[in-house]
Amino acid sequence: EDQVTQSPEALRLQEGESSSLNCSYTVSGLRGLFWYRQDPGKGPEFLFTLYSAGEEKEKERLKATLTKKESFLHITAPKPEDSATYLCAVQGGFQKLVFGTGTRLLVSP
Amino acid sequence: DAGITQSPRHKVTETGTPVTLRCHQTENHRYMYWYRQDPGHGLRLIHYSYGVKDTDKGEVSDGYSVSRSKTEDFLLTLESATSSQTSVYFCAISDPAGTAIYEQYFGPGTRLTVT
Numbered sequence: 001e002d003q004v005t006q007s008p009e010a011l012r013l014q015e016g017e018s019s020s021l022n023c024s025y026t027v028s029g030l031r032g033l034f035w036y037r038q039d040p041g042k043g044p045e046f047l048f049t050l051y052s053a054g055e056e057k058e059k060e061r062l063k064a065t066l067t068k069k070e071s072f073l074h075i076t077a078p079k080p081e082d083s084a085t086y087l088c089a090v091q092g093g094f095q096k097l098v099f100g101t102g103t104r105l106l107v108s109p
Numbered sequence: 001d002a003g004i005t006q007s008p009r010h011k012v013t014e015t016g017t018p019v020t021l022r023c024h025q026t027e028n029h030r031y032m033y034w035y036r037q038d039p040g041h042g043l044r045l046i047h048y049s050y051g052v053k054d055t056d057k058g059e060v061s062d063g064y065s066v067s068r069s070k071t072e073d074f075l076l077t078l079e080s081a082t083s084s085q086t087s088v089y090f091c092a093i094s095d096p097a098g099t100a101i102y103e104q105y106f107g108p109g110t111r112l113t114v115t
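Quick note, the sequences are listed as chains H and D, same order. Going by this note's numbering, the first sequence opens with residue 1, and the numbers climb by one from there. Going by this note's numbering, the second sequence opens with residue 1, and the numbers climb by one from there.
Hints listed in this document are in silico derivations from the structure and should not be mistaken for laboratory results. Heads up, the beta-carbon is just placed ideally off N, CA and C, and yes, glycines get one too. A hint or two may mislead.
Stated by the list, open to error - Going by beta-carbon spacing under 8 Å, a handful of chain H positions derived as facing chain D: (1) Pro-44; (2) Phe-46; (3) Thr-49.
Put together the whole structure using the sequences plus the hints.
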């Protein structure tokens, strides 16, 4: 059974204080690992897809990396507007994603 | 932003009544999905569709049915609502484009309360 575990559950940072979020996964035949951002009361917003170990992708202050067992979402010099819940998901089986429960990030000014 | 709308956005209903939620897309994506999101469980797949009149079950399909008569519309029906179906429901769309690896784009959600 495919599984995704995200840690920490919640993270509080000061503005400018860089950190990383973790997504550990077990899947039979990884076809893709996805990161989403979700603001309160809204649907998840797609950020990145990673396909194979060693791959990295960047968008503004966010960088996602992938190994064979986990993915990291690095946040460099975060701003208050980066506050959100970040979701990780894996695609193993055909056309189905399995999601983790997310990391709630709060960035204080 | 992907053109996905959900209706209604909020609904309160009584136990035992049928409820239908609608997802409408303007992106001509082949695949459509219904998820529910509950604290501590993350997003869980209810049903999905891979074409008009082609649907399949997800992880938590009991008590739910779906229909897709047009590419742009995907309906989720709670046949007889129960309090355990109180949740936030999200619709998502995707289009493999022949790669079999793809992103899903989500709608704004419907908050359903069953009293």
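Outcome of the hint check:
no.: 1; hint: Pro-44; in the structure: 5 Å, holds
no.: 2; hint: Phe-46; in the structure: 5 Å, holds
no.: 3; hint: Thr-49; in the structure: 6 Å, holds
When each numbered hint is compared with the structure, no violation occurs for any of them.
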